[in-house]
Amino acid sequence: MTNSAPDWNEIPEAEFRATIRECIENECPAELRYHPYRFPPEVTMPWYKALHRRNFIAPGWPVEYGGMGLNPSRHLIFIEEMEAMGTPWLHDAGVRNLGPAIIAWGTEEQKAYYLPRMHAGEHIWCQGYSEPSAGSDLASLQCDGRLDGENVIINGQKIWTTSAHVATHMFGLIRTDRSGKKQEGISFMLIDMSLPGITVRPIANLGGHPDFCEVFFDNVVVPQSCILGEVNQGWKVARSLLGFERIWAGSPRRAMKVLRQLRRELETQGLLDDPLWADRFAKASFDALDAQDMYTQFADLVRTDGKVGVEISALKIWSTSIFQNLSEMLLEVTGSRSTLSTSGEDDLLAPYYESRAPTIFAGTNEVHLNILARSVLGLAKSE
Amino acid sequence: MTIVDPQTAEMLRETVAKHCERHADGALIRASRGDVPGALAADVATMAELGWLAVSVPEDHGGLGLGVSATGIIAEGLSGCYSSDPLTGLFLGARALVHAQESDGLLAQVVEGSATPVLAWQENAHDFASPLPATEYRNGTVSGTKRWVASAAQASHFVVSAREDGRDVLVLVDASSDGVSLSFGTRADGTPISELALTSAPSTVIARGSDATRALRRTLDEGTILVAAELMGHIDRMMKLVLEHLNTRKQFGKVIGSFQALQHRASNMFVHQRLTRSVLTTTLGCADLITDPVEFGQRAARLRARLNDTTQLVMRESIQLFGAMGITDENELSLHIKRCLSLLGYLGNSTEQRRYWTALSAQSARTGDTN
Numbered sequence: 000m001t002n003s004a005p006d007w008n009e010i011p012e013a014e015f016r017a018t019i020r021e022c023i024e025n026e027c028p029a030e031l032r033y034h035p036y037r038f039p040p041e042v043t044m045p046w047y048k049a050l051h052r053r054n055f056i057a058p059g060w061p062v063e064y065g066g067m068g069l070n071p072s073r074h075l076i077f078i079e080e081m082e083a084m085g086t087p088w089l090h091d092a093g094v095r096n097l098g099p100a101i102i103a104w105g106t107e108e109q110k111a112y113y114l115p116r117m118h119a120g121e122h123i124w125c126q127g128y129s130e131p132s133a134g135s136d137l138a139s140l141q142c143d144g145r146l147d148g149e150n151v152i153i154n155g156q157k158i159w160t161t162s163a164h165v166a167t168h169m170f171g172l173i174r175t176d177r178s179g180k181k182q183e184g185i186s187f188m189l190i191d192m193s194l195p196g197i198t199v200r201p202i203a204n205l206g207g208h209p210d211f212c213e214v215f216f217d218n219v220v221v222p223q224s225c226i227l228g229e230v231n232q233g234w235k236v237a238r239s240l241l242g243f244e245r246i247w248a249g250s251p252r253r254a255m256k257v258l259r260q261l262r263r264e265l266e267t268q269g270l271l272d273d274p275l276w277a278d279r280f281a282k283a284s285f286d287a288l289d290a291q292d293m294y295t296q297f298a299d300l301v302r303t304d305g306k307v308g309v310e311i312s313a314l315k316i317w318s319t320s321i322f323q324n325l326s327e328m329l330l331e332v333t334g335s336r337s338t339l340s341t342s343g344e345d346d347l348l349a350p351y352y353e354s355r356a357p358t359i360f361a362g363t364n365e366v367h368l369n370i371l372a373r374s375v376l377g378l379a380k381s382e
Numbered sequence: 000m001t002i003v004d005p006q007t008a009e010m011l012r013e014t015v016a017k018h019c020e021r022h023a024d025g026a027l028i029r030a031s032r033g034d035v036p037g038a039l040a041a042d043v044a045t046m047a048e049l050g051w052l053a054v055s056v057p058e059d060h061g062g063l064g065l066g067v068s069a070t071g072i073i074a075e076g077l078s079g080c081y082s083s084d085p086l087t088g089l090f091l092g093a094r095a096l097v098h099a100q101e102s103d104g105l106l107a108q109v110v111e112g113s114a115t116p117v118l119a120w121q122e123n124a125h126d127f128a129s130p131l132p133a134t135e136y137r138n139g140t141v142s143g144t145k146r147w148v149a150s151a152a153q154a155s156h157f158v159v160s161a162r163e164d165g166r167d168v169l170v171l172v173d174a175s176s177d178g179v180s181l182s183f184g185t186r187a188d189g190t191p192i193s194e195l196a197l198t199s200a201p202s203t204v205i206a207r208g209s210d211a212t213r214a215l216r217r218t219l220d221e222g223t224i225l226v227a228a229e230l231m232g233h234i235d236r237m238m239k240l241v242l243e244h245l246n247t248r249k250q251f252g253k254v255i256g257s258f259q260a261l262q263h264r265a266s267n268m269f270v271h272q273r274l275t276r277s278v279l280t281t282t283l284g285c286a287d288l289i290t291d292p293v294e295f296g297q298r299a300a301r302l303r304a305r306l307n308d309t310t311q312l313v314m315r316e317s318i319q320l321f322g323a324m325g326i327t328d329e330n331e332l333s334l335h336i337k338r339c340l341s342l343l344g345y346l347g348n349s350t351e352q353r354r355y356w357t358a359l360s361a362q363s364a365r366t367g368d369t370n
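Protein chains in written order, with numbering that gives the first Met the number 0: chain A, 0 to 382; chain B, 0 to 370.
So that you can see chain A by itself, here it is in the shape it has in the complex (with noise of 0.2 Å):
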């Protein structure tokens, strides 16, 4: 870890994005750029331990934890840029999620454990929170905690849980009182997967890969200083954590990319000047390019008042839903050949597959209709 790095926030924008590109192409290599799934971790790595080295693997942790401080802005820019030039996807759950909550609710032997392996890649995050029968309905979780003594012995089950085949850790929300109302009597715990007892099954999720999966936990003996915050007040830890994560869901990234997908295919093919495809070109334009001036409004919002107020749902809502439309329109634009399963730059399908879930994660978007009319619209509370 340097002492010399600048202060992030006040260097001029443009030598702040230099800065970036120039680690990205020193750093990353072509092979793992643009690439529409996310990779296994070991393919990664290189790329991940460039970042740690560089201490930009945790963009928004403060400086004296490895971080960069960057302020909501300057993070934006950040992703932005990392975006632009197709930077892999990486499982950076722990930095990007869990980090933040531990700064915020941990003790100082749990920073000062966690938070550096985490940094380096050493440990590999990934988050439990649904469960069979807790979806939407989250704080209905059952997966049981009892506790004894200075332990917590875990019974239950988790599923979708992202990444878990390859996690070495998970933070998970775990039942440990059933007495009061459902959101009080939950534990946020930071889980060792290597522990005995825990089961994961992959999932093979449309596209035929196998991104999220089941955790069956059979008596999983868990020390109580693995408790982030206090017992039974996780729900509270959880809640902490979705702020900047409603920003990056609805981030029209993904939407974009397709976009610029489509526009090579009708290139490619000769029909931007086809009166029909024009037309709808411009509109899926539209879409995303809007989409983008919402983004851009909500960062600078972010950015004023240093808060995501509740119509950032409404940016989550539209940027995932134009996501599959231009994903269902790319199958359109390329006629038969979108009916092959190929892979690489070719995949046709794999828009169509990535753009299913973005709008049943983070809060489906039926929830997000209904977060809108109740807390912006003042609309009664439905049965």
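For the record, the hints were derived by calculation from the structure and aren't laboratory data. There could be a bad hint or two in this list.
Only pairs whose alpha carbons sit at most 27 Å apart, straight line, appear in this in silico DSS-like list of lysine-lysine [as the list claims (entries may be wrong)]:
id: 1; chain 1: B; residue 1: Lys-239; chain 2: A; residue 2: Lys-380
id: 2; chain 1: B; residue 1: Lys-17; chain 2: A; residue 2: Lys-235
id: 3; chain 1: A; residue 1: Lys-110; chain 2: A; residue 2: Lys-180
id: 4; chain 1: A; residue 1: Lys-180; chain 2: A; residue 2: Lys-48
id: 5; chain 1: B; residue 1: Lys-253; chain 2: B; residue 2: Lys-239
id: 6; chain 1: B; residue 1: Lys-239; chain 2: B; residue 2: Lys-17
id: 7; chain 1: A; residue 1: Lys-235; chain 2: A; residue 2: Lys-282
id: 8; chain 1: A; residue 1: Lys-380; chain 2: B; residue 2: Lys-17
id: 9; chain 1: A; residue 1: Lys-235; chain 2: A; residue 2: Lys-110
Owing to the predicted nature of the structure, the values given are computational and were not obtained by experimental measurement.
Given the coordinates of chain A, assemble chain B onto it according to the supplied hints.
Relative to the frame of chain A, chain B by itself:
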């Protein structure tokens, strides 16, 4: 040209809101349908007094030197009067003079409200791409027929687009000249729209060739942004009316806004409203600084297409959510619906905007990016 600063923007917003509080009059609008000049948000003298006509006139002609961003704030606010007329008509005339760099003192009179030039450019229903007009200028006179001329009843002059030897030309015609005759049709909101017949009307050239093409194009793009701003105001007001209704109307013993099926429809409307607001704010925040005509045209076209589409959605859903009350003329909603119907196909519907955007893309394809 500068962007309106936040204080001036806030001041404009407040003035317009106050004006609407005092002057919004649905009953008058209903009673004046089919009349000429019909119900106005404010007459020319009032607009001049409030400084609204000075906003987009350059400072060296006595104006405020702002542009479409500031005027857009006024247009949006005037949706509180159910219409911004005659703001858009007068804006188009004045801006055509600005972009044609007319310097005969007419703009100074615009500021005072003593001259009210109006733009007469359109001839056919799908002219937004501004093809070479059939109207012809020759030897100091102009002949032809212009249609969909807004606020012609208030016009002291017409800025007329015409052809001269196969090239664009913009000419100025005194409204009281020989060879100028107006007839009036009625728009969906009951206000007049005119056909201007020119028969060897005496006229002065204010721009020729590519200067004329450029001036007209910029004016039309600005006009379409202004219409977009007014539509945003109508969207917000329709949304407000619908939400009030959802929160008060009871069926099955509950307010209907508690039913999830209706909540999701309302939330979907909000998603579009919020998206549209973002595009408008972004556009008004940068429009006057854009000098590249391709970038400006594409920004304007994308904005206007979004406004048109969201307006249609909000109109349709508002009527549905109001139920039978939604299809009555006496509902306040009807005033916004009818005004929107008068605007959606004016200065470019969504399909025309997309076609225009595509044409501009092709033009900029050499540089390889889209705006």
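These are the hints, each one checked on the structure:
With a CA separation close to 19 Å, the supplied pair Lys-239 (chain B) and Lys-380 (chain A) stays within the 27 Å bound. Restraint check for Lys-17 (chain B) and Lys-235 (chain A): the C-alpha separation of about 45 Å exceeds 27 Å, so the hint is violated. Distance hint between Lys-110 (chain A) and Lys-180 (chain A) is unfulfilled; the C-alpha atoms sit about 30 Å from each other, more than 27 Å. Proposed proximity of Lys-180 (chain A) and Lys-48 (chain A) is contradicted: the alpha carbons are some 43 Å apart, above 27 Å.
Simply put, Lys-253 (chain B) and Lys-239 (chain B) have alpha-carbon atoms about 20 Å apart, close enough for the 27 Å limit, and the pair holds. Taking the CA atoms of Lys-239 (chain B) and Lys-17 (chain B), the gap is about 18 Å. The hint holds against a cut of 27 Å. Simply put, Lys-235 (chain A) and Lys-282 (chain A) have alpha-carbon atoms about 42 Å apart, too far for the 27 Å limit, and the pair is violated. In summary, the hint linking Lys-380 (chain A) to Lys-17 (chain B) is not supported, as the alpha carbons are separated by about 35 Å, beyond the 27 Å threshold.
Only pairs whose Cα atoms come within 27 Å are accepted, and Lys-235 (chain A) paired with Lys-110 (chain A) is accepted, the gap being roughly 19 Å.
Consistency note: the structure conflicts with the earlier hints numbered 2, 3, 4, 7 and 8.
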